Amino acid sequence: MSRALYTLRIPSSTRYLQTVRRFVERHARAAGLSEEAIERLKLAVDEACTNIIKHAYKGRPDRPIDVAVLLEPDRFVVRIRDQGEAFDPTRYRAPDLRTLIRKRQGGGLGVRLIRQLMDEVTYRSQGRYNEVQLIKYLTPSDTALPPSASA
Amino acid sequence: MSNFSVGFRQHDGVQILDLHGELDAHTAPELEAALQKCLQHGHYNILINGRDLEYISSAGLGVFMAYIEEIREKGGDLKIAELKPGVYNVFDLLGFPLLFDILPSEAEALERFARGERPTLPSS
Numbered sequence: 001m002s003r004a005l006y007t008l009r010i011p012s013s014t015r016y017l018q019t020v021r022r023f024v025e026r027h028a029r030a031a032g033l034s035e036e037a038i039e040r041l042k043l044a045v046d047e048a049c050t051n052i053i054k055h056a057y058k059g060r061p062d063r064p065i066d067v068a069v070l071l072e073p074d075r076f077v078v079r080i081r082d083q084g085e086a087f088d089p090t091r092y093r094a095p096d097l098r099t100l101i102r103k104r105q106g107g108g109l110g111v112r113l114i115r116q117l118m119d120e121v122t123y124r125s126q127g128r129y130n131e132v133q134l135i136k137y138l139t140p141s142d143t144a145l146p147p148s149a150s151a
Numbered sequence: 001m002s003n004f005s006v007g008f009r010q011h012d013g014v015q016i017l018d019l020h021g022e023l024d025a026h027t028a029p030e031l032e033a034a035l036q037k038c039l040q041h042g043h044y045n046i047l048i049n050g051r052d053l054e055y056i057s058s059a060g061l062g063v064f065m066a067y068i069e070e071i072r073e074k075g076g077d078l079k080i081a082e083l084k085p086g087v088y089n090v091f092d093l094l095g096f097p098l099l100f101d102i103l104p105s106e107a108e109a110l111e112r113f114a115r116g117e118r119p120t121l122p123s124s
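Note that the protein sequences, when read in sequence, are chains G and A.
Letter by letter, the first sequence follows residues 1 to 151 of our numbering.
Letter by letter, the second sequence follows residues 1 to 124 of our numbering.
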């Protein structure tokens, strides 16, 4: 099975969110994904890394976040690993926007957004590592035509 | 170096904030500081112009959520205008258009301020 893998390690600081977005954007574009799919992937990876920085590492700026892009025949996968506190998705309840506004709170929407943006999201914890996989299925419109095929 | 900045303008008693660049968890504190500055100066009619806003994550949206109640309690509103389609999509995905005035143009937003119109948060 053809499978390409590209990796990036960043410290757990929000200043590197832009770096991660650019990394995912570059590979998603090279893979021929639609602009809409690229925007969704950028936002999902940003939200996932932000949650790791704030919750898994509780704001510590010097812990590792390993991001990998996996290209598979039918899907584009962004795998993110951290060594912080594990996130239990079964205990997550998507907050209501009105309630957050009444409480003057701005947070808590990242996980909900990731689920809305991606076709599939998986979480697992193994030993010291937590892993989230953001998965976007490839559709025929995501496959760029080679230049010779354009009219 | 930050890839985000806020410009300040005034028009008929409305404080306009021009957002430039990418708004994420790293740059959201700059937007928060800009909104706090408005409130400290007693400006409660605030218009966010997103013409040059290239990107927003939930951290950026969170700033609007955290301040809108206070702004409306003071009799003002925070309206948002001229978002690029990709940025608008993020507001839309989270249901913002039901709770915030989001207008295609700055002129329309200014008209609504002039008429004193603003959405009310439905009680549930």
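Worth double-checking, as some hints may not be accurate.
What the hints assert, rightly or not - Examples of chain A residues toward chain G, derived with CB under 7 Å: (1) Asp24; (2) Ser58; (3) Gly62; (4) Ala66; (5) Gly95.
If you're looking for bench data, these hints aren't it; they were derived computationally from the structure.
Treat the numbers as computed from the prediction; the structure is a model and nothing was measured.
Every residue, glycine too, gets a C-beta built ideally from N, C-alpha and C.
We went through each hint and held it up to the structure:
1. Asp24: Given a least distance of 5 Å, the restraint on Asp24 of chain A holds.
2. Ser58: holds, 4 Å
3. Gly62: holds, 3 Å
4. Ala66: Holds: closest Cβ of chain G sits about 4 Å from Ala66 of chain A, inside 7 Å.
5. Gly95: With Cβ-Cβ at 5 Å, under 7 Å, it holds.
Checked against the numbered hints given earlier, this structure breaks none of them.
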